[in-house]
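Produce the complete structure using the sequences and hints provided.
There are 2 protein chains.
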Amino acid sequence: MTGRLAVIGLGPGDPRYLTPDAQDALDGAEALYGYKPYLDRVPTRDGQNRHASDNREERSRAAAALRHAAQGASVAIVSGGDPGVFAMAAAVFEAVEDDPQWQTLDIQVAPGVTAMQAAAARLGAPLGHDFCAISLSDNLKPWAIVERRLRAAAEGDFVIALYNPASKARPTRINQAFDLLRTVKAPVTPVAFARAVGRADETLTLMTLGEADASLVDMATLVIIGSSETRFVARDGGQPWMLTPRAYGVCR
Amino acid sequence: MTGRLAVIGLGPGDPRYLTPDAQDALDGAEALYGYKPYLDRVPTRDGQNRHASDNREERSRAAAALRHAAQGASVAIVSGGDPGVFAMAAAVFEAVEDDPQWQTLDIQVAPGVTAMQAAAARLGAPLGHDFCAISLSDNLKPWAIVERRLRAAAEGDFVIALYNPASKARPTRINQAFDLLRTVKAPVTPVAFARAVGRADETLTLMTLGEADASLVDMATLVIIGSSETRFVARDGGQPWMLTPRAYGVCR
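Quick note, the sequences are listed as chains A and B, same order. Under our numbering, the final residue of the first sequence carries the number 252; numbering is consecutive throughout. Under our numbering, the final residue of the second sequence carries the number 252; numbering is consecutive throughout.
There may be inaccurate statements among the hints.
As the list claims (entries may be wrong) - Chain A regions said to be covered by chain B (calculated; three or more residues, Cβ under 8 angstroms): (1) 14–27; (2) 111–121; (3) 126–140; (4) 150–164; (5) 228–235; (6) 238–247.
Said to hold, decoys possible - Here are some chain B residues the structure puts well away from chain A; computed CB gaps all over 12 angstroms: (7) Asp40; (8) Arg41; (9) His68; (10) Ala200; (11) Thr203; (12) Met207; (13) Ala214.
To be verified - To give a feel for the contact side, a few chain B residues facing chain A, derived at Cβ under 10 angstroms: (14) Gly11; (15) Leu105; (16) Leu123; (17) Leu127; (18) Ala154; (19) Arg195.
No wet-lab data here; the hints were simulated from the structure. Think of the CB as a built atom: it goes at the ideal place given N, C-alpha and C, for glycine as much as any other residue.
Written out as structure tokens, the structure reads:
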């Protein structure tokens, strides 16, 4: 018998963002693997085992789930957001690359709403034009490539979504990122700090790149930095919307 | 009475990707506005009116829906994919910016799975690291900014997702894009052509940037071009997976 592995995106937290495809994959799994806070979002079910692991253990978690599936079981790994965006899908296929026996498995990825999209939906339309997503984590890559990408993204005048903007191990990285972006982007560039989007303690804070305050950032925060076209749009009775229009350079 | 406007992402096509949040917004709307092929995906319901419009009419569609909502109605605009990613959210907030009376409306954006994510899920983990999304349409922006962004994305060694890679009005733009990217990225860079993902006629074609064939591209195609780290991973009984690993420059 051939086993199956589903790599499931739970979305940003609220079950209202969980797709039927992901729900079916959860329902069909005999065993769930995941980082504990993500597993805790999934209601328990009789006969479905759970294997929680720590944040940094993506690769060993992927291997454990693949081993389990290779025994003929129907196994799922849960990720927050979209498993394809700074989450578990890459770790799974890295493990598959290293062990040919796992190349026979039936692997399905169930996409989900990632933090950048949930934040954008609350803010208005900050990703309304070309954009990029950069993780500030330097656990697995040199900081030099992060800087190279920040610079390229600024020179290309992209809207930039920053994932993993801070952690205890690198509290100053976000300051370095803002400083680098300020050498290219204007001080008036709109910036949004979207914390815990889709959860009870959600907060959205708007400012400009010139005044951007790194103390607002933790691991639950997604930061969106506008392009030269991004602006705030007034909203009666609320903080402004953030808009990156579809046209570029129209009034210049 | 204050009206409401929901800007809804239907995902890539299959209702299995429609979130409960988006489904609720559809169910709660008295009137639906949208490009006809997207409206056609939504089952009809007694008492819910539909207002179909053409592809290029985003701005007038947004204004019509806002006018309707301002009369006190509960109105929805439907988008394919995610309304925040090359879809209707930007057009809506552009219209709000231009008319202060619409700044009092209750506007909700319901995010969805965008083509890039659905394609990535089928392919493996091509977006497993930093990436950017660029629309090749030059309807509303000069081609020069597209070229500037392609060059910046290549110089930053991002994975690149290309939306709107071709149309009757610009059949050669994708060739120009490949030619530009070939001046920076290696010929062996993996490329995926993902057509009609999540629909019955879905096709996934893998090749390298050196051999990338623009004739595979139409408006239903999303193109993903790897970074220097992206590679193909063998799969028994199927075409390879596409993987951008989490680590960068580890073996160099």
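(message) Holds or violated: the hint that B/Gly11 contacts chain A, with Cβ atoms closer than 10 angstroms.
(response) This interface hint holds because 7 angstroms falls under the 10 angstroms limit.
(message) Count the residues of the stretch 228–235 of chain A whose Cβ falls closer than 8 angstroms to any Cβ of chain B, and tell me whether that reaches three.
(response) holds (count 4)
(message) Under 8 angstroms between beta-carbons, do enough residues of the stretch 150–164 of chain A, three at least, approach chain B for the coverage claim to hold?
(response) holds (count 7)
(message) Using the nearest Cβ pair, does B/Ala154 come within less than 10 angstroms of chain A?
(response) The hint holds - B/Ala154 has a Cβ within 10 angstroms of chain A, the shortest such distance being about 8 angstroms.
(message) Count the residues of the stretch 111–121 of chain A whose Cβ falls closer than 8 angstroms to any Cβ of chain B, and tell me whether that reaches three.
(response) holds (count 8)
(request) Evaluate the condition: distance from the CB of B/Asp40 to the nearest CB of chain A exceeds 12 angstroms. (result) About 20 angstroms separates B/Asp40 from the closest Cβ of chain A, which puts it past 12 angstroms; holds.
(message) Minimum C-beta separation from B/Ala214 to chain A exceeding 12 angstroms: can you confirm that?
(response) At about 20 angstroms from chain A, B/Ala214 clears the 12 angstroms cut-off, so the statement holds.
(request) With 12 angstroms as the threshold, tell me whether B/Met207 passes as away from chain A on beta-carbon distances. (result) Holds, since 19 angstroms exceeds 12 angstroms.
(request) Verify the interface restraint on B/Arg195: the C-beta must sit less than 10 angstroms from at least one C-beta of chain A. (result) It is violated, given that the least Cβ distance between B/Arg195 and chain A is near 17 angstroms, above 10 angstroms.
(request) Mind taking a look at whether chain B covers the stretch 238–247 of chain A? Criterion is 3 or more residues with CB to CB distance under 8 angstroms. (result) Three-residue rule met by the stretch 238–247 of chain A, so holds; n is 6.
(request) May I ask you to check that B/Thr203 keeps its beta-carbon over 12 angstroms from the closest beta-carbon of chain A? (result) For B/Thr203, whose nearest Cβ neighbour in chain A is about 18 angstroms away, the distance exceeds 12 angstroms, so it holds.
(request) Verify the coverage statement for the stretch 126–140 of chain A against chain B, using a C-beta to C-beta distance below 8 angstroms and requiring 3 or more qualifying residues. (result) holds (count 11)
The earlier numbered hint that this structure contradicts is number 19, and it is the only one.
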